[in-house]
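Chain by chain, the residues run as shown.
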Amino acid sequence: MNLFLNQLINGLHVGSIYALIALGYTMVYGIVKLINFAHGDILMIGAYTAVVTLVSLNWSAPAALLAAILACVLFGVLIERVAYKPLRKSPRISSLITAIGVSMLLQNTALLIFGAQSRPFPTVLHVAPLRFLGLQVSFITVLTVLVSAALMIILQVFVKASKAGKAMRAASEDYNTAQLMGINVNTTITLTFAIGCALAGIGAYLYVMAYPAVSPTMGSLPGLKAFIAAVLGGIGVIPGAMLGGFVMGIAESLTKAYISTTMSDAVVYGILILVLLVKPTGLIGSLSREKV
Amino acid sequence: MNKKTKAITLNTLAILGFYTLVSIMILTGTLNNYLSNILITVLITIIMTASLNVTTGLLGQLALGHAGFMAIGAYTSALFTKSMAMDFGWSLPLSLVLGGITTALFGMLIGIPALRLQGDYLAIITLGFGEIIRVVIENLSFTGGAAGLTRITRMTRAFSEDRALSSAIQFTIVFFITALIIASIFTLGRSRHGRAIISIRENAIAAEATGIPTTRYKLLAFTIAAFFAGIAGGLFAHQTSILNAKMFGFNKSIEYLVMVVLGGMGSITGSVVASVVLVSLPELLRGMAEYRLIIYSLLLIMMMLFRPAGLLGTREFSMLAFWERLEAVWHRVFRREAKTQMPFQPRYDVWDEKPVLQTHQLGIAFGGLKAAEKINIELMNDEIVGLIGPNGAGKTTVFNLLTGVYAPTEGQVILMGKQVQGKQTHQITVDGIARTFQNIRLFKSMSALDNIKVAFHSRMRYSPLSAIIRDSKCLSEERGIDIRARELLRVFEMEALADVPAGSLPYGMQRKLEICRALASNPKVLLLDEPAAGMNPSETAELMETIKTIRSQFSVAILLIEHDMRLVMGICERIYVLNYGRIIAHGLPEEIRNNPEVITAYLGQEQAQKEAEHAQGT
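Line order of the protein sequences matches chains A and B. Its first residue numbered 20, the first sequence is counted upward by one per residue in this note's numbering. Its first residue numbered 117, the second sequence is counted upward by one per residue in this note's numbering.
These are computed hints drawn from the structure, not numbers from a lab. Do not take every clue at face value.
[What the hints assert, rightly or not] Covered by chain B, per the in silico footprint, the following chain A stretches (three or more residues, Cβ under 8 Å):
1) 85-91
2) 95-107
3) 110-119
4) 261-271
5) 277-284
[To be verified] SDA-like cross-link-like pairs, simulated, lysine to any residue; straight-line CA separation at most 20 Å:
6) A:LYS52 <-> A:THR281
7) A:LYS104 <-> B:PHE422
8) A:LYS108 <-> B:LYS560
9) A:LYS108 <-> B:PHE422
10) A:LYS298 <-> B:TYR237
11) A:LYS104 <-> A:VAL204
12) B:LYS362 <-> A:THR281
13) A:LYS104 <-> B:PRO424
14) A:LYS108 <-> B:THR430
15) A:LYS52 <-> B:LEU421
16) B:LYS470 <-> B:GLY624
17) A:LYS108 <-> B:HIS702
18) A:LYS52 <-> B:PRO424
[Unchecked claim] Label pairs and their computed distance ranges (CB to CB):
19) B:ASN255 <-> A:ALA232: 18 to 28 Å
20) A:ILE173 <-> B:ARG332: 19 to 29 Å
21) B:PHE482 <-> A:PRO299: 32 to 42 Å
22) B:TYR150 <-> A:HIS145: 46 to 56 Å
23) A:PRO299 <-> B:LYS470: 40 to 50 Å
Using N, Cα and C, we set each Cβ at its ideal position, and we do this for glycine too.
For reference, chain B alone in the conformation it holds in the complex:
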């Protein structure tokens, strides 16, 4: 038995062992009703916290209305079981699914407008929605109004006359639903979808420029979180048997948020641990009821002061390894070992027709200010072209226009014969324009390898559902891009750094990684925004070699902004000069070097004249 299978066995045994032990304790009455009820509360809290961690930890958006989602699930589920004349064994699971779906729909409905906002404003708007849900429930008649719902079937009573047996069945249901949800969040988190969601947290602009449809993924994360919260609500309703809108107020949402942060944002196991601790802690302190909440709040403050990143930070406990191993066993047992295939073909036929990228009278005005106008640029296949100009000339603005970060107010961008202006950044990236940024925008806490994998996103096809069950499609695609991403790192001699978080790489490496990531989206045109900024002469020389290698190996056209004239003159075949948002000159490096207008733009009128006189004199 190798180490891996041993670990799987151990973990499986631990989970099943815990389950068996607790079940026996409930059946024999060792774990009385009070304690087993707390246990159920812990499990439901785990679902709530872990699902909130999807929005707050993985997506990085602060949400303050999670209890509202729980309320929707709870009421939907309770109303369903109350009104259906069905055996509880059937109506409960149906009601949970229904509660989950209804909540997910609400999540989507709220998410569509709300996710346009960011940061604290999103937090406030979710707070608002959460409170509205509560108030509306309080004022509707079919939800029982302010009095709430009562006499909802209790899971502890429903399954058997024997209280202990019924209790054990309740535990079984809640335990395995919780385990399933946690596992789904894990597998999803480690798939292309999870990477897309995390990349938004790390740097939304870069995610968009790497081809991630950020709005869709924000909505997906939000909806998934709502779905799970709805299920937790349904379980909660059938645990307590009474529902009251006041149970789902702002304070409840805050409670879950506290757990997410204490466990560590983005760490699902952290959420599990925090839920266990924070639900049982007040119970343990029940002996000193008066000081209970004071101690609790002091611990909270201390915890934040001394471990601001939470218990586990963004790290995960070995559960993760466990699940990976479990599915490995799954594939071994059922011989579903996926064939490793290379699902990626180069997307583009060789583009011989010229030019690959072309702009016509491109321009943008901010209010009355024309930041760029009448920009006409042409880029041939495999060409390296420079875009230079004094500070504030509008160079980065041109990049932003080409990549759809700004929507042009006039003119066209034509990529391989097709107009792309007006499209969203991620669509343009997928169409074939990739870029780097002047101020490096990496997904800092993701590994170098994962940074590149994010850029492969648009070329992968498997769905969130296959990500959750990790079917063969998902596995083969993941295996494929793992190989490709490592190959790419090898080209840049960075394969040894694959697992290092991008944020801890040295500066030069970060620049390289950003280029590497841009290439991973398989562009036809690569835009480099000041690639040599902050580099010393030898690093710059190395960079020049790298850029030439890129052009030949990846067959891309490169347009680069740079102030380092040695680099520009050394590798650019043609140069455009920009000043005050207009192209003032265009030609071969030699022509640009001697163009009087360019010299004036860089040195000013007077200085340029002096230079000219000086040149004549010699």
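This is chain A alone, in the form it adopts within the complex:
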């Protein structure tokens, strides 16, 4: 039972990081219908910024976090403006390939600058593990779950209640109509990328606190998993990303504990496939049917 609970908590930990990254995918997809393959590499940029500012520049942990967020936002917005914006009217697959190109570019540039070897991430939090009900839970886990949950609630409120959030939802339904209502679609899209990337920056920081190794390709796997999480929950839907992230994380850590470490990916993809077959739009996605 303890093993099970421990794995459940581990799953929540990883899951909430997936969820944070998944939000970036889901928001961008919701508004520009683009699978932003470079999003995982934004995570990598955040992680490198954090490690460089912390270790080489001797900044404090909060300052490094802030730097990571800023770097992610900067890159995210830049990529959107330079690489994606010109392709908004092209076939969607062109922007998909561009995203793949951007991802490769970021990874290889990082490889050139930082080398292939991974850098250790220093311990920034020296807090003893918490104990309750006979379980030992690391403080990082608690922090990660709480921070992610709080961010998601804030984001949900922002999108539902604020003016900018309404603009996002309107633009995701129909650019042209949104424009006719006086919404600046370009700004709205940029804002969407900025928010998604800021979350990736925070996610990066939480991720390297749990897995303290920073390398040029570190973003690919969590990126892919987070993307799967977004689809699992229902892409384009914010609570869906959260749910998908948790389901992924928990499924993954339970498989690793009870079935096999190497099979955990297969199980995760298996769940994804089953969910999509039963409910083609993800767990809480809504169906939009083409009108005849």
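For chain A, the structure is supplied; the task is to place chain B on it using the hints.
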């Protein structure tokens, strides 16, 4: 020697010349092992890219797990040659076929559930399957687990003691398999099957309504792509001699996808060019190893920014012409010149019994909302009937019920005495109901002629295999429908526009073409959904004439939805009026015009009363 034969000779010489030149270079050692190995990789990549282009380019479905198929073919083929105590000259071809078939089976198995999904969801599910294949291979014992398979017979070593000779044999095998596969994809792509597949990409709903069994064709395209990928895998296994599941990960699938898009989706020659460039480019840049991938990715981004449709778009290089010519020569040489026959007889005996189409208490509920209920419509032979009603009355819903786009929740649709409700749209189309759409749904990038040919699909019989070898059955049927399709265009005075892509036709022409396409499926009942929408009065007048011509020339019953009352009153012999999903009136145009209930439905209670008072006053 005419121009045509000259071109054939030139092309044949080019292909054989390339083959001979490279073979000699390998035999003499001018092309060393390293270079000839790259060449083999290019050829295998061409197969992978071209086959992925069948799903992604021709069918228009994004697939992200193509490397998974390659893995299945590679492992099947390698395990076969490793375990069979057979001469390699026999076991290799057998293993390739086996690898292809096994992969095709997997493709079908995965395709059946996966193809129910669309767009990005299909992409994700193929990604998932691709990864599962990789992980499963990594965890099975007979595939060598994580360590993979080693000591698979190398083609460069197997055929002869002489390394160069063996290398040349390898090149021969891979080159001609590649050429054969490319040729098959070409011939298939230009057959009725290819048109069916492309029509799904262009507009799936219209394809279904034109009589294309879309699910079956999606599956066919998917299976064919898997089959070829399996063969490529088998070749790859015997090129490298070691296999490892990691070779076939997500990144590999992405690599092939990049090539398809860069070459141009739907352009097979584009895939060939992109494979050549993208495989050799990193090799050329090997000198600056550090910057190699950075340059590569920058080129990729630039390419997409400045040529989003890829190198060739959907166009083809002259290879296409070459193959057509080659088979022309084939038929000339072997005197297999097919007789031009007209394989199509009118399918229906004259249906004198009345009515041709009839509905009984037809209805559908979406959740609790009854969008249509108790619809009773009768259509006699050669009759033009109008279906009118205010916006949102449920007119298009009735069309969707008649054509099986929506399955009715109650009632029956009886077409020439047989119940058709509950059938799929394409079956109903074949049974004899064709339609047009309110918002035009043409296969935009296909030519006007091809749009019509798609509708002839259900009346053609030749198989995918005869399409690939272009046998006499295929050729005679194709020739037959070419004539028929042009005849049909001539009736609508559009024969000059036969080769124009449907999407670039003017609006009025597009409407006409859609009607033309509907007629090509040889319907007994034609449903027109707002044919005059967006037309000016003179165009509408012309349309009225066209509709009358259609009725007399094609002997169909026509049911039309229209808001233009001049058109409705001018040509409809009877009219049904729909409001809130029910038929509120039915009769001759004159009766409908003066029916108070109809006036109320259109103008509202108050206004209708005023009108009535006004009418009494005068």
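So which of the earlier hints does this model not fit? 1, 4, 6, 16, 17, 20, 21
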